[in-house]
Amino acid sequence: MKSYTEYLWMNTPNRRDLINITDKVSQAVSKSNIKEGLALVSAMHITAGIIVNDDEPGFHRDLWKWLEQLAPYRKEYEHHRTGEDNGDAHLKNILVHHQVVVPITEGKLDLGPWQEIFYAEFDGCRRKRIIIKILGE
Amino acid sequence: MKSYTEYLWMNTPNRRDLINITDKVSQAVSKSNIKEGLALVSAMHITAGIIVNDDEPGFHRDLWKWLEQLAPYRKEYEHHRTGEDNGDAHLKNILVHHQVVVPITEGKLDLGPWQEIFYAEFDGCRRKRIIIKILGE
Amino acid sequence: MKSYTEYLWMNTPNRRDLINITDKVSQAVSKSNIKEGLALVSAMHITAGIIVNDDEPGFHRDLWKWLEQLAPYRKEYEHHRTGEDNGDAHLKNILVHHQVVVPITEGKLDLGPWQEIFYAEFDGCRRKRIIIKILGE
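Which chain is which? The protein sequence lines are A, B and C, in order. With the first letter of the first sequence counted as 1, position 5 gets the number 5 in our numbering; the numbers rise by one all the way through. With the first letter of the second sequence counted as 1, position 53 gets the number 53 in our numbering; the numbers rise by one all the way through. With the first letter of the third sequence counted as 1, position 80 gets the number 80 in our numbering; the numbers rise by one all the way through.
Bear in mind the hints are in silico, worked out from the structure with no lab data behind them. There is no bait here: all hints are sound.
Since the list can't tell identical chains apart, any single copy or any two copies may satisfy a pair.
In silico lysine to aspartate or glutamate, EDC-like type, Cα no more than 20 Å apart, as pairs:
(1) Lys128 - Asp55
(2) Lys75 - Glu56
(3) Lys65 - Glu84
(4) Lys65 - Glu78
Only chain A is shown next, with the shape it has when bound in the complex (with noise of 0.2 Å):
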């Protein structure tokens, strides 16, 4: 059995992003010499999420509008007694969920033919991480 372990570094410019991270994962897998296995790909905040998606620009509008009804921005958050404004983002990462594990078949991203990998920012303008952890042989 190997594993392999890499951090990457988001520091995204807006407030709320989705960044395409398939091939930084992808590149994570081909260092990592694991032929069959699983990768976790795993948000290490929690106002983060990863999400399996396309990489369509109408669909990411759509999802932000939709995110924003699920789990609008609010000021009146209890959350927000400790002086944070970022309720909603908390609620975000619970709704898409902060990870996903891909599966690696013959070296590769084993992914259907639309699926991408994105990180998706709730409260951005800072340094966070994500972890890609991997297991196989």
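Starting from the structure of chain A, add chains B and C where the hints point.
Coordinates of chains B and C only, in the frame set by chain A:
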């Protein structure tokens, strides 16, 4: 360490459908000959999901109503400018998540008493794939 | 490759509860003697979830309000024709997801600075189980 990969082809007669795939995942575990491990079950499409819940028809009807409330079919998604009409299916995929990891103990799926694995199709009537990737010993 | 399995029994005094299980998962990692790997933490029930987020009481109150808005308790779920009254708990399970995979690095949970692991009970006052299944080396 051992690994095992299997693809399940799905082609549901209905646009939206919930298919119990527990037996198929269970058979993959038997074929893998892995006694202790993890089985990733992951939809390879961006308009389908994998869930673990109860095989109870009343709950399934509740689930579809709920999915339609939270991520409704609408004509006005921006994604539809590409010619597609499945914007709701992308959002439903994000909502339920597209994958689960099932533990394997003593050669069997280690699920709770009511846990069954389902393929949730949000844009069917076409051939789509699920990957089962098992790692263990 | 090594594997390790542990079951945590939960029995919350309240119907709905959020229990920080980070220490228990951490102890399981120590007992496993696995230095590099993945720990699956998964509720074995269809009316409970596992989440990773902040141990901040204000956020927890926000979370419960939000869960009740998106997947409300109602008498009229079709699932209730079976005699149950926990239809909302099934939907909350789908919403927050029932599992997380936590990376292990140098023998420890590799979580971000604010990440804590919680058992989210949606239909408690009864004995229920969580499985921790660790794979690695």
